[in-house]
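One line per chain: the protein sequences are A and B, in this order. At position 178 of the first sequence the residue is numbered 178 (the numbering used here), and the sequence of numbers has no breaks. At position 52 of the second sequence the residue is numbered 52 (the numbering used here), and the sequence of numbers has no breaks.
Bear in mind the hints are in silico, worked out from the structure with no lab data behind them. Keep in mind that a hint or two might mislead.
[Claimed, not checked] In silico DSS-like cross-links for lysine-lysine, where the CA-CA straight-line distance does not exceed 27 Å:
1. Lys-204/A x Lys-125/B
2. Lys-196/B x Lys-186/B
3. Lys-68/B x Lys-204/A
4. Lys-68/B x Lys-196/B
5. Lys-125/B x Lys-196/B
Note that the coordinates shown come from a computational prediction; the quantities given were computed from them, not determined experimentally.
As a plain string of letters, each chain reads:
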Amino acid sequence: MIREREWILILVLAAVAVAVPLFGDGYYTKFATKVIIFGMAALAVDILLGYAGLVSFGHAAFFGVGAYIAGMLINAGVVEGIVVLAAALVGAALIALVIGALSLRTSGLYFIMITLAFAQMLYYVGQSLRAYGGTDGFALDQRIEFGGLLDPNDTTTFYYVSLALLAVILFLCSRFLRAEFGVVLRGSRDNAVRIEAVGFPSYKYKLVAFAISGSIAGLAGALLANLNQYVAPPGMLNWEISGELLVMVIFGAAGTLLGPVVGAAVFLFFAEILSEITEHWMLLFGPLLLLRVLLVRDGLYALLQKAIAK
Amino acid sequence: MTPPPILRIEGLTKRYSGLVVTDDLSLEVEPNELHAIIGPNGAGKTTLIGQLAGQVMPDAGHVWFDGKDVAHASPPERARSGIARSFQITSIFPSFSTEANVAIAIQGRRRHSFRFWRPADRDPKLIDPARELLTSVGLGDRMQTPAAVLSHGEHRLLELAIALAQQPRLLLLDEPMAGLGSEESKELVTFLLTLKGRYTILLVEHDMDAVFALADRISVLAAGRIIATGTPEEIRVDQEVRTAYLGDEMPIAAEGER
């Protein structure tokens, strides 16, 4: 799937990502960390949207579950990064298995609605957790640690930890999406009847993809909880998050791995700048999304791909 | 001594809100036989194929395949037990290359595809047989072409290649000649003749020249029932077939049948 020239693009993006903390102050590094985290969550959405043809409108659920698991563990004194992140990953995967098992029995518009419904349920569960601040949420006592080797309380260190995790996930995704599993996923996206007729019970494959996607979103949520050192239903479990992740994917380019990350960067950049001008920044962002859909056929990342192909 | 039939359909019935599309249908297909099904539009031919491959669930009756009743098995279960089909309306993976369309069907023969590491597009056990098969159907120079941009005739060949890639023990062909020009049809008949005797084939087709050139036996389907089964010669002279379905003339290719 990776053409020769694409390596240049990947290297450029990687170089920019690695260089971010060298420029400017902590503010930009923190912003870049947010981009990495949302890029990771958007990638999770794109595994379903771009490769399996499934529009999940409920990924806030997995994002939020990851954040809550991380926050709860840390405040309970479990601060070892590997343990906390693994717990968020597995917890989100299990929730995704349950939600996916039910949602994947439907398709199309029903699938969109049922994933949204499940995410809303979890939003209200989050709100009802009195011990964890209800609607207000709760602050984290500290960030995760890595055996005292790394100090994630340092903005730059936390950025590189997030970036490394994103790189690992991108690599693993590029493997499994090109392996036999990914072929079946893409096949089910292309032709739901034919994939079954050649011998694949596509439900099982989509369910595993849904769980993988949920676990990645959960990991991203755990990282965001650590970045903000705060967890609350709004901003993590609300349906707008699910929508924003979809917008990031569409902006960047669905069906590519780096597209969602580029989309997250562009989205958050505009959100930052436009919200300086007005709190109704979506009013200004809306037309941009419209332009993207009307003028750029496959998304910004595809545009970059074309630019280097020349 | 005739071998036991590989496919035995018994009392198969399918209704669509009161309309009986398959009416207590029974039929036997012998191993390595090329059995054609003909009948007027609306006779229920495609619905019958759907019930054999699993896309359509029958309301009653049995489909004995190799001694097992698969009437209510899912499409992937039936594909894995050795039933492959082609679709009347081309059904392929449009975003895949031609080669990948066949490779995925070969992959479907494996026990499962929960493999996450090795690139499937570099697996010689998938790619080599896919290329061989595409060459044999005449798509050898189109391997890397996205399937979406192939011509209609090429789509029909790809559809066939996908079904053959499944190494079926029962091959269901639903109007493989649909929409082909007369030259292309002839070529396809020539190719199908090379399959004869090696595969058990149930062929639904409107092109009577093709049917009479290919079939070992022909069954005539009308209003969801088999009204006659016999060799091409027997069917040609069968008075009941003539009055019930053929009229006085052999039908010519019609279109838009479902």
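Practice problem: Verify the proposed pairing of Lys-68/B with Lys-204/A, using a straight-line Cα cut of 27 Å. | Solution: holds, 25 Å
Quiz item: Holds or violated: Lys-196/B with Lys-186/B, Cα cutoff 27 Å?
Solution: holds, 15 Å
Quiz item: Does Lys-204/A pair with Lys-125/B here, judged by a C-alpha cut-off of 27 Å?
Solution: Holds, at about 24 Å.
Quiz item: Does the structure keep Lys-68/B and Lys-196/B at a Cα separation of 27 Å or less?
Solution: Holds: Lys-68/B and Lys-196/B sit about 24 Å apart, inside 27 Å.
Exercise. With a cut-off of 27 Å on the C-alpha distance, tell me whether Lys-125/B and Lys-196/B pass.
Key: holds, 26 Å
Of the numbered hints stated above, none is contradicted by the structure.
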